[in-house]
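Residues per chain are reported as follows:
2 protein chains.
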Amino acid sequence: MITNLNSTQPNFQEKLSKLLAWESVSNADIAKTVDEILADIKSNGDTALIHYSVKFDGITADTMADLTIDLPALKEAYETLNEKEKKALTIAADRVRNYHQKQVQKTWTYTDDDGTMLGQKITPLDRVGLYVPGGKAAYPSSVLMNAIPAKVAGVEELIMVVPTPNGVIVQLVLAAAYISGVTRVFTVGGAQAIAALAYGTETVPRVDKIVGPGNIYVATAKRVVFGQVGIDMIAGPSEILIICDGKTNPDWIAMDLFSQAEHDEDAQSILLCPDADFIKKVEASIKKLLPTMNRKDIIAAALKDRGALIQTKDIAEAITLSNQIAPEHLELSVENPKSMLDDIKHAGAIFMGRNTCESLGDYCAGPNHVLPTSGTARFSSPLGVYDFQKKSSLIMVSDEGATLLGEVAATLADGEGLQAHAQSARYRIK
Amino acid sequence: MITNLNSTQPNFQEKLSKLLAWESVSNADIAKTVDEILADIKSNGDTALIHYSVKFDGITADTMADLTIDLPALKEAYETLNEKEKKALTIAADRVRNYHQKQVQKTWTYTDDDGTMLGQKITPLDRVGLYVPGGKAAYPSSVLMNAIPAKVAGVEELIMVVPTPNGVIVQLVLAAAYISGVTRVFTVGGAQAIAALAYGTETVPRVDKIVGPGNIYVATAKRVVFGQVGIDMIAGPSEILIICDGKTNPDWIAMDLFSQAEHDEDAQSILLCPDADFIKKVEASIKKLLPTMNRKDIIAAALKDRGALIQTKDIAEAITLSNQIAPEHLELSVENPKSMLDDIKHAGAIFMGRNTCESLGDYCAGPNHVLPTSGTARFSSPLGVYDFQKKSSLIMVSDEGATLLGEVAATLADGEGLQAHAQSARYRIK
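Protein sequence lines, in the order shown, are assigned to chains A and B. With the first letter of the first sequence counted as 1, position 183 gets the number 183 in my numbering; the numbers rise by one all the way through. If you want my numbering, it's the 1-based position in the second sequence plus 1000.
Hint data in this document are derived by calculation from the structure and do not stem from the laboratory. The beta-carbon is built from N, C-alpha and C at its ideal position, and this holds for glycine as well. It is possible that some hints are incorrect.
To be verified - With the Cβ distance kept under 8 Å, some of the chain B side facing chain A (calculated, not the full set):
| id | residue |
| --- | --- |
| 1 | N1044 |
| 2 | A1088 |
| 3 | K1121 |
| 4 | Y1199 |
| 5 | S1259 |
| 6 | N1355 |
| 7 | C1357 |
| 8 | L1360 |
| 9 | P1382 |
| 10 | D1399 |
| 11 | A1409 |
| 12 | G1415 |
| 13 | A1425 |
| 14 | R1428 |
Model the full structure from these sequences, guided by the hints.
See the structure below:
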């Protein structure tokens, strides 16, 4: 049902590595298809975009107008929601906005001893593209989490693309686009949507950065256009790691493991706990609760293939393993999570205390739910306002500084054999 | 000698696009070679790394010890410098360190109305790989600019790789590694060095992020391993854009254009100026000064193929064009550069006033000289401490918050059909 491991077993590290191993299944065929689509959109713009949308999404479309949703239609989608949904979406959006406002970076300057002014100017990106998957993975919460940080950063134009397989579109997704400030929506997807955003077409404006998750074609296309435009990250399957002291309700822990596993069969749910009896209780809860879940097949597959209940020597060892895994979501279901915080080095988001289940963070606590997966928390961060702002260095050299810096720069330029650099600096020496 | 353009000519935008066009020349053959090298290093570690280093760099090496430079050897390289070089390198390192210390991000938390604690924890990356090109492009200043921000961020291990074609190594590069806190140096390069850093070998430890410029094989390999490790950016050729009001010494402007052009034949130097007479004077200075330059052939080629003197209607139009170009280096050689700053949206670094030539910033003013090229300043930033720190979201929900957030999350999870998310949230409602 779910793998049991113990950190003291001789081949534990090997088993753990195998459990964590993940490679996205891109291959030469996918790369070739993507390259062809990208080249076609670059050369033929709207015509190619309509062609691929009809071909892949099973829809009819003659012009780009058939693939465009304007602002009034977004508003209309919002108006169709019931009051409870409207309220939930609004509270979530407000909380997400409040949190992200703390991430706004500001321009700074200072003057050094020789009167030279140095600093860093902050500006928002002009235009951002937001990819939203269609079909079963079209989540309104993802629209909020991708769009709101961009708006808080000051991005003026936010272009959303979402494929509509067989014409299906989720009204809650359009409503989320409306309340998070999306400017325009095109109902296109796949590599063709990424190409349209990266290169621009007659109708789709070229953007400066593309964010949002997608399938292997979308991920492959993002990797190729990276450099032409900015991209967020190449996301792997979602994961949760729970460290528990054995004193939380085992049903809660089982359900928290389910909440990750229900995403898809590749999702990963792991519990680290020093208490063997508690692990047995969680196993019993899993057995009891699984049959009650609508998505029980997906959950069972994910738990069987990629889940694990791991007994550790103590909480300290659980933290060491957590740092090694660098999980996307880390739940500290313990009495005093604050005392553990200094020792935790790598994690996308840290959910502290028994109250703080991951799903509260997924929807409405405030922080972003777009997080680094597959151990990339070793070097990357949650999506944030900083992904939609950029920096320019500022340098304004004083007369005194021109002499001081001119001599240093000329010496180093001479050492590198760059004569024009040296001469340019020497001209400024007073 | 250099192209003359005028913003009022009918096909100006077309000519400008052509001038700015740049595509890195990666192709299927390079991609295949790189894929093979990456796979070989992944499977065969040190053995493969030694094999490729011998094959491509024209050196002899039997073991990894032959490809390793330890700390005492770095120190020795520093000791061999003359006093003037030592002093220049030290002043530059100190100034770069001081500037970058202003970029250090700190952990923050706050408590909201319902007692829920939210925040963002900042941690450094554990281990970073620094790629330094060998041969003619081995610049000690690049070592400072890549290594110091990582050290300021708190990165403990900094692994440098530098190929030594035919065994040649620049002592100034090793000296720069020494004073900027590099931990270990391996004399390997190319795609094989990127693979060793990304996957690890028996001797080269796997890093969390790879920074530093390289040739097309290095750039292609970085693009492939992106996701396994973080990377900085895929750099294009270097560029300078100068906006001048026509009152700077024309020799200075000519030399500033040269200082970019001398890097390589693909480098780009552009002047925007509303004053036709001044443009003629700059042209005369170019003609006069070019024969005096050691690298006159490289400069002449770069100016001819990719340089331009562009007459604009006024300074305001020059700023508009600059925002369109999003230059790596922007020199504002004008009387009052501060008054222009609000209107400048996209630039890697802004050099303000007639004193502030680019080369002062390249070496020692303080800000980083690793900057976004080829218009990528639209969406990216100078290399900085923020590239070596990462963020983890913090969420600790209070009892009151568990009820409030639980209801919102459950409603939204119901809307997305995610039952375990909803149940996990409902368990926490008091």
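Consistency of the hints with the structure:
no., hint, verdict
1, N1044, "violated (19 Å)"
2, A1088, "holds (4 Å)"
3, K1121, "holds (7 Å)"
4, Y1199, "violated (12 Å)"
5, S1259, "holds (4 Å)"
6, N1355, "holds (4 Å)"
7, C1357, "holds (5 Å)"
8, L1360, "holds (5 Å)"
9, P1382, "holds (5 Å)"
10, D1399, "holds (7 Å)"
11, A1409, "holds (4 Å)"
12, G1415, "holds (5 Å)"
13, A1425, "holds (5 Å)"
14, R1428, "holds (5 Å)"
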